[in-house]
Amino acid sequence: MIICVILIPLLAGILVPLLPFRKRCHKEIFLEGAVILNSILVWYLLLHHSESTFLLAHFTGDLNISFRVDGMSMVFAGLVSGLWPLATLYAFEYMTKEDHENTFFLFYTITYGVTLGIAFAANLLTMYFFYELLTLVTVPLVMHTLTREAILASRKYLYYSLGGAAFAFIGLIMIIVYGTTTDFILGGVLDPLKIGDRTNVLLLIYVMAFMGFGVKAAVCPFNSWLPQAGVAPTPVTALLHAVAVVKSGAFAIIRLTYYSFGTDFLQGTWAQTTVMIVVMFTIVYGCSRALKETHIKRRLAYSTISNLSYILFGAVIMTPLGLTGAITHLAFHAVMKISSFFCAGAIMHQTDKRYVHELNGMGYKMPWVFGIFTISSLALMGVPGLAGFISKWNLAGAAVDSKNPLAYAGIACLLISALLTAIYMLSIVVRAFFPGRDFDDGPIQNVHDPNWKMLLPLMVFTVFIILFGVHSQPIVDFFYDVATGVY
Amino acid sequence: MGPNLFVNYGEAVAAILFCIGFTNLLLQTNLIKKIIGLNIMDSAIYLFLAEKGYIAGRAAPIVTNGVTSAEAYINPIPSGLVLTGIVVSVSVSALMLSLTIRLYVRYHTLNLDEIAAQLKKEGK
Amino acid sequence: MDFICNFPFFSILLSLFSGTICSILPGKAAKIVNRVVIITVGILSGILLVYLLDSGESFVYWMGHFPAPWGNEIRAGVLEAGMALFFCIIMYLSMAGGAHKLFDEVEESKHNLYYILINLLLSSLLALVYTNDMFTAYVFVEINTISACGLIMIRQVGRTIEAAVRYMIMSLLGSGLLLFGLCIMYDLTGHLLMSNIKESVSLLIQNGEYQIPLIVSIALMCVGLCIKSALFPFHAWLPDAYGYSTVSSAAILSSLVSKGYIFLLIKIIYRVIGFDIFNSTRIIDVLFVFGLMGMIFGSLSAIKEGDIRRMIAFSSVAQIGYIYMGFGMGTQAGMVASVFHILSHAATKSLLFIAAIGLTEVSGGSRKFIDLTGAGYRNKWAGVAFTAGSLSMVGVPLFSGFISKLLFAQAAVQVEGKMLAALIVLGISTVLNAIYFMKTVIRIYTAAGDTPYPCITFKDMKVHAVVLILFVILNVLLGVSSQPIVNMIEQGLAMFA
Amino acid sequence: MSKKKSTENYQKTFAFHFFSWLHGEKDPYLGNVEMQPQKEYETDPEMVLRHEKEHDAIMDKVYDTQHNVQLRLFHSLYEITSILFCLFLMALLLVTISYLPATGVAEKPVNNEVAARYIENGLEETGAINIVAGMILDYRAFDTLGESHVLFVATITVLILLRLDKNKKGEINPLTKDMNPNDRIYEPKNDAILRLVASFLVPIIIIFGIYIILNGHLGPGGGFSGGAVIGAGLILYLNAFGFEKTERFFTEKTYKWICFFSLSFYCLAKSYSFFTGANHLHSIIPNGTPGAILSGGLILPLNIAVGLVVACTMYAFYAMFRKGGF
Amino acid sequence: MYLILLPILFPILAGFCLLAYRKDPGRKLLTITTGICLVITGALVVVALMGTKQGLTLFHLTKKLPIYFNIDKISVIFSLLTVIVFLCAGFFSFVYMKHEQKEKRYYGYYLMAFGVLNALCFAGNLITFYLFFELLTLSSFPLVLHTGSKEAVMAGLKYLFYSLCGAYASLFGIYFLYHNCETLTFTAGGVLQISPASREGSFFLLIAFVMILGFGVKAGMFPMHAWLPTAHPAAPAPASAVLSAVIVKAGVLALIRVIYFIFGTGFLQGSWVQTAWLTLTLVTIFMGSMLAYREPVLKKRLAYSTVSQLYYILFGLAVMNEEAFTGSLLHVLAHGFIKSTLFLTAGAIIYTTGKTRVDELRGIGKKMPFTMWCYTIVSLGLIGIPPTGGFVSKWYLAMGGLTGDIGIFRYLGAAVLLVSALLTAGYLLPLTIQGFFPGADYDDTACRKQEPARLMTIPILCLTILSVLVGLFPNIITNYLTDFVSTLL
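Line by line, the protein sequences are chains Z, V, W, E and F.
Numbering follows this note's numbering, in which position 316 of the first sequence is assigned residue number 317; successive positions increment by one, without gaps.
Numbering follows this note's numbering, in which position 54 of the second sequence is assigned residue number 142; successive positions increment by one, without gaps.
Numbering follows this note's numbering, in which position 226 of the third sequence is assigned residue number 230; successive positions increment by one, without gaps.
Numbering follows this note's numbering, in which position 221 of the fourth sequence is assigned residue number 1303; successive positions increment by one, without gaps.
Numbering follows this note's numbering, in which position 221 of the fifth sequence is assigned residue number 233; successive positions increment by one, without gaps.
Please note that a few of the clues may not be correct.
[What the hints assert, rightly or not] Derived DSSO-like pairs (lysine-lysine); straight-line CA-CA distance at most 27 Å: (1) E:K1338 x Z:K293; (2) W:K384 x W:K463; (3) Z:K157 x W:K372; (4) V:K208 x V:K121; (5) Z:K157 x E:K1135; (6) Z:K366 x F:K110; (7) W:K32 x W:K463; (8) E:K1135 x W:K114; (9) W:K463 x Z:K157.
Hint data in this document are derived by calculation from the structure and do not stem from the laboratory.
Owing to the predicted nature of the structure, the values given are computational and were not obtained by experimental measurement.
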């Protein structure tokens, strides 16, 4: 059952260029149908999942490719399958302007399957395998426009992720050698008698693996690829660089910390402090860079960098509460960020304005898009009553609960970055709605809102943001159960 | 320094010859001199081998008048190996010489570095 | 002593004899003979492998009427038969892959000479794999060197001859040192047969006499073989030799020839000196350090390289560095990893060479990097094959590169002192590999403008495409079902001593 | 009379900043949030090509030895180190030799039971009086088989390099065009002294060569040395009487077939003896009475085959070097 | 029991409908609708104050975080102040906004701000308070940048980001509080159980100080006061009136809620936080009035005076005894009325003469005698002359300061109060003197009476009367508060 959930998008993707579609809408219906079918299957699977592990292939020794549905995978798979149909709908509208669509949708749908692969992976090796596959599948997407910057950006992205994967590989080896099994078991698999006196080496390896996976989760020294990947078309940057790719990096780190190395092994060690410092630095770095950036999508990319480090900050606190905070932010941030990216995409699609200072006075011309953009920026800022506040609340709660003085500094970083987010998001909103007295809206006269295909996903996301903000209790309880291993 | 250096003077000479051949092969720029160095090296090894087999006061291993006791003759194996080795060095020298001819005809020089420089100019 | 035991002897004699036969046949007939011989040898060693796997222990085969220390002897174990089978597969595929290019590279009349060289190369490889006698090994090493040199310079272009000269000089140095070490070993132990040498060496070690000459002879033999198999400091000849020779010869040279010498080194380590004695000498650390340096500098010079085939040649210097790093670890797991890497590197490297030729053919024959843009679209099969090959080199799961990297890392973890160095260098060299291979993959898949070059479809180079697909399947097979192969290697190594 | 600063550098002082902040004029966000558009990242292909050309030019200048001081320094350094390396090698070898067992002494590990058996029952097992010949062609026949193939491979490579053959359309391969096609121009026109001496010496040399081959298993000599002598004789004949004479009896075809037959005979004979030896079958070849020409089992025919091969190879090498053909 | 919700939801919905309404409904209709909405909201607030008995939980943000509204005495005072000032400023703005375009946007946000302020006064626990504190910033900052000129937008942004920074600093405190007290609802006498001496306690002192700084930003505390002088001149006059009279008071309400209802005075009594707070207040008082004294632009001068007057109130809170507390509450009311009148008069002056600088307004008394008379009465009140409200509150403050056990600050406080009273006179009275006695060379023939429109003068008149009433009958409020204050301390 799990394997067909992963295979359907792969098949659908491959079939797109092959099947002869006379009209464009046939192709759309086919693709949208396939993606929706797959999401329904995933949700069906999540609702009444069986504990069995599905073995696909057997490598050497105890290494095998197998899938299982557990708490964490439910969250990530649910999130991805929830967002993907909407993103595909959006992509149809967006791609009317771009050329050679088939390759785009080919890789776009395959990425869906590969991300589900990562979500359902039952052991570190399968996750590593799909993790590498994700890099390879997303490179053509980044390279889609085939301009010179796109190629350079995709090359940089490829080098960074492959480099990261190489160092994560060492972590994988450690688990294979020093762990009892490579499967994911909450609380870690390392068995003490094998480790003996080599804890320091293992900690060093953990930090290296963290940095390895961190490359994809845009941890500070290795995140210059993310803003440059803004060159790709919006559905790519929105879905991949806000939801699929970077989140899989964060997901991998959570798996590594909680399900492989185990928190009681890492708790309170120098590894935790170094990693926490790196994460906190990234939080502040991301926001401050976003402040200076005038290109809209790059600004949102920098804000993704800092928000991702929120998730890592939650993960690095290494308590069940911390994990809950991390998962909450993982889910909520995905929704918030994808809506802001889609708004930016809609702006670009309608007026192909790329820079902040060109957005003067557009608020009234595109009320829906900018309204939703305002709501998502308020959510990102963490105004109570919207989703962002709840996730920040859980993260800070976990940090306070962990009694670790460094975590208190972490909270300060969270708030500083919230302030900086407020500044760079609201400056766009202010520029759009309050253009100033002597502003003539001659050039943007014929600007209007995009059609329903773009607006529907945006509205759904906004509803989700508000719903999560106001009535987040059941979701957070579910996440807490996931973190404490009930599922 | 072991005891037998002056006793095995033959092998010492072989070793020195070997090094001379080795240096020539490595450092000489002229191809012909390299091949000469090669031959010196090979013959040094065969000298070394021959020295191995030699036992003072014994005859060559050809059965003369029916005497087949081991003490009468020297050890035949090294000479067998030498015989095979010589053919190897002959064939290798032939090959190297033909290569040198082809290079000389083409580039009119025997200096390997100059050949490399001309090749780079050719660029093919 | 049932009939199957004769198979190793049959395969060696068959390939030797086919060499002589080809001298009188015209080019086409020689080609057929060559293909038939390779297939039969492959089948023979396959059956032998099956027989040995269930019999479980290696057997000795007298070459002549007299038992071992007096007459020559062949010893066939699981590992030898496996390697022989693998060599035949790779050789057949490389020959088939490069066949269509042969006509414009080698003169019409000299085709049969070309096939003679290939046959004799095969026979020397088989002999190297099977022989149990040091001096026979030396003789067949010579045959291997001369035929390899022949393969390099058969294209008779200025560059290939100069590369052949450099190759000959370096390998003659190597074989000179090897022979000298051999003689010293003979002088100390009095035997030329590997198993007997082993007993006398262990005897010598116990009562502690002749220590220095013993170590010097081992060192000389190792250095000799390292020079011949192009380990890092002695790799100057490799890029020219592989870069400019014909297609199939480049594939065969890079994957089989240097591996033959490494296999001989493994036999020396296991059968002549004994694994633990070899570990006690400091030579291991030297090999380890040279291996590490090879991995780094090989990839670095590959990044700088402008010509695609020289780049692949430099990458094989790096891969040989991997193998010697495996030796240098001095553990059983390290050795298993190296042997597996020999197989995986052979498969991947020949795939890359043949795919590279497919790409250069399609971009007007020029090997410069810039002309290759968009070659992936023009020659789809070569593009896909090259991508698969580079993914395997980079170590993406599902390919054989990943498994060998996995085995190396697992082996490195057990070794106490060298673990961190090995792991970090492994990581760095993967990144370096990624850089220059992915640079090429991206280069061939960026859409070039309106280039005059033709675009080849499947029809007009059927054989070449089929060969590429077979290579990719072999690679994936090694990558996915690697467990039986690893068991076979372990069993073979156990049987080896 | 305080020194009044000009307005610009007053602007830069701390006091100005403090008071403007105090009055609330200084706006921290003005410069940062609303920056001007960044320059787009544009590189065009010809810039890349220009970069390539520059790179090549620099490389050429760097690598030519005359002007580059570092390169010259590197070369001298290279020589010194390699000489040092060779000296070190020599010292190492001398030290090892000093530890080796003394030559000429009987009880060395070398003369163990292996050598003893060759001598004691070498005669009745191989039937050859010359134990070394017996050892080469019977005990360790596999090595010698490999040996002859080494020679064969060498001839093949020389053929590849030096043989000038015309392809179907008749013209020579363009690569080897500049090889001088015909050595007859330099051939000494019927040098009287050489002809006279050759006519006398050549038969003797050839007879002597045949003797050595035939008595391979009886006295010193054997296929390799005999063949070399005959080869030398043939070369002398060629020098004296030029190619037309030799072509009468020795053309490329003959060469090819001689090599083929002798080598294949050698191979088949030896594989028969290996096969029978390995499977402990009784080989039907008699050893014959020691001392007689026909004794020594297969050794005599093998010697003849090897002799022929070596002779033809020697002659072929010389012909190739001289004329690139027969 | 949903009465409490009405005054909050109605104005917000009305404001939102006004904004969302596409067509421009014409000035007349617009002013009438806004006027009606304002009156209705005022009535609803009064009804809510009368009717509600116990709190209302709207919904739960997270398990232990309800959105809870509750009315107690302090929210009564603040909501009354808000209603009055909003009504007067509203009516004033109907006329004033003639020469500004986009009134629809202004009135929309005006109403929303009104609704949010009511919610702020009725907030029952810290989280609801924080929610509406942020919404207040978001809804009031369009008022500031309404004129749309470059400086206005910059001032608006600055105001937004400063108050957001303050809000986040306080959020930092809220996180820790949430974990250490079992509930965040405001209960008189404080919720925190930790004793200040323990290790945990010293950390919470630090948190208290951070929260004081955070909320102090809204009240324009010394290091973070930069936004006030830029925001006020940029905003239209009614907006700056509302801003300085009520919205800045939100910071004060926040401090009261945090100090007296969460931390509890027992916790902070005599700690270094109190001393630091006192020093800051005194410095701000003195600095505010000094800057106002040297400021030529009228509105900026009034802005500085707001800063210093606000810190009278905070000084009262910092002293933490009954008289000081009642004094500061009184001063909240007095200052609210006085400052709004001052800004409305300034608005009237700008509306009629268009001049903004004080030295340009020679002989204004002749031209606009009524406005100037109200201006003079109210400024006397602010200085603290007996009949007006300012005197009574300053009296209580001084008494509180002297009797409170705050060491040397007792005398220092009284001295600073006195000096700044003088300074207040220094920066308010010159306008009246210049206005009424322009001096000999002023030719009063050219000027003729230019009283502003009737709709402007009535609000000014009511506010002046109210500020005087507060001064005359203070004990209505004091004994209303006395029993409640004793429970707090």
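Status of the hints after comparison with the structure:
For the hint pairing K1338 of chain E with K293 of chain Z, the CA-to-CA distance comes to about 82 Å; that exceeds 27 Å, so the pair is violated. As the CA atoms of K384 of chain W and K463 of chain W are separated by approximately 12 Å, the hinted pair is consistent with the 27 Å bound. About 22 Å separates the Cα atoms of K157 of chain Z and K372 of chain W, which keeps this hinted pair within 27 Å; it holds. Distance hint between K208 of chain V and K121 of chain V is fulfilled; the C-alpha atoms sit about 24 Å from each other, no more than 27 Å.
A hinted pair counts as satisfied when its Cα atoms are at most 27 Å apart, and K157 of chain Z with K1135 of chain E qualifies at roughly 25 Å. Only pairs whose Cα atoms come within 27 Å are accepted, and K366 of chain Z paired with K110 of chain F is accepted, the gap being roughly 26 Å. Of the pairs offered as hints, the one joining K32 of chain W and K463 of chain W holds, with about 23 Å between alpha carbons and a cut-off of 27 Å not exceeded. For a cut-off of 27 Å, the pair hint linking K1135 of chain E to K114 of chain W is broken: about 39 Å separates their Cα positions.
Among the hinted pairs, K463 of chain W with K157 of chain Z is inconsistent with the structure: their alpha-carbon atoms are about 37 Å apart, more than 27 Å.
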